[in-house]
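Using the sequences provided together with the hints, build the complete structure.
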Amino acid sequence: MRDLDKLNDPTYPAFTIGQAADMLGVQQAFLRSLDNADVLTPERSGGGHRRYSRRQLEFVARMRELFDQGHTLAAASRILWLEDELAAAYDEINNLRQRLGYTEERDRA
1 MRDLDKLNDP TYPAFTIGQA ADMLGVQQAF LRSLDNADVL TPERSGGGHR
51 RYSRRQLEFV ARMRELFDQG HTLAAASRIL WLEDELAAAY DEINNLRQRL
101 GYTEERDRA
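Residues 1 to 109 in the UniProt record's numbering are what the sequence shown lists, from first letter to last.
In short, the hints are calculated from the structure, not lab data.
Beta carbons: idealized from backbone N, C-alpha and C, even for Gly.
Worth double-checking, as some hints may not be accurate.
Restraint ranges, calculated between C-beta atoms of paired labels, are given here [what the hints assert, rightly or not]:
| no. | residue 1 | residue 2 | range |
| --- | --- | --- | --- |
| 1 | 99 | 70 | 20 to 28 Å |
| 2 | 4 | 71 | 37 to 45 Å |
| 3 | 23 | 48 | 17 to 25 Å |
| 4 | 102 | 72 | 18 to 26 Å |
| 5 | 44 | 102 | 14 to 22 Å |
| 6 | 29 | 98 | 43 to 51 Å |
See below:
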């Protein structure tokens, strides 16, 4: 894989803490606090600097929305975990339906 191709990978840690904070409109301290609370664990560069992936930035944006709605760190973390678990369950159900040959028309009959 070429280095540029890695940028298409949503799990590739391409962003520094400063870049991530700027893109999300948050303070770097907010990102560090999520790391310190073990809610989000960014990759580390060879020099030990935090590096964030697009997927992690999406998670932080969702976390920030929940904070803005008044949720605590524990509540926001639990909500996001449950949302992700539910989405994964729906994906698995859809994959199983496809493997079994179910279609919407067949389900209605």
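Status of each hint after checking the structure:
1. Judged by the Cβ atoms, the range 20 to 28 Å given for residue 99 and residue 70 is violated: they are separated by roughly 42 Å.
2. Look at residue 4 against residue 71: about 38 Å separates their beta carbons, and that is inside 37 to 45 Å.
3. Distance hint check: the CB atoms of residue 23 and residue 48 are about 22 Å apart, consistent with the given range 17 to 25 Å.
4. Residue 102 and residue 72 have their C-beta atoms about 41 Å apart, which leaves the hinted 18 to 26 Å range violated.
5. Distance hint for residue 44 and residue 102: a CB-CB separation of about 44 Å, inconsistent with the stated range 14 to 22 Å.
6. The hinted range of 43 to 51 Å is satisfied by residue 29 and residue 98, whose Cβ atoms lie roughly 45 Å apart.
Checked against the numbered hints above, the structure breaks hints 1, 4 and 5 and satisfies the rest.
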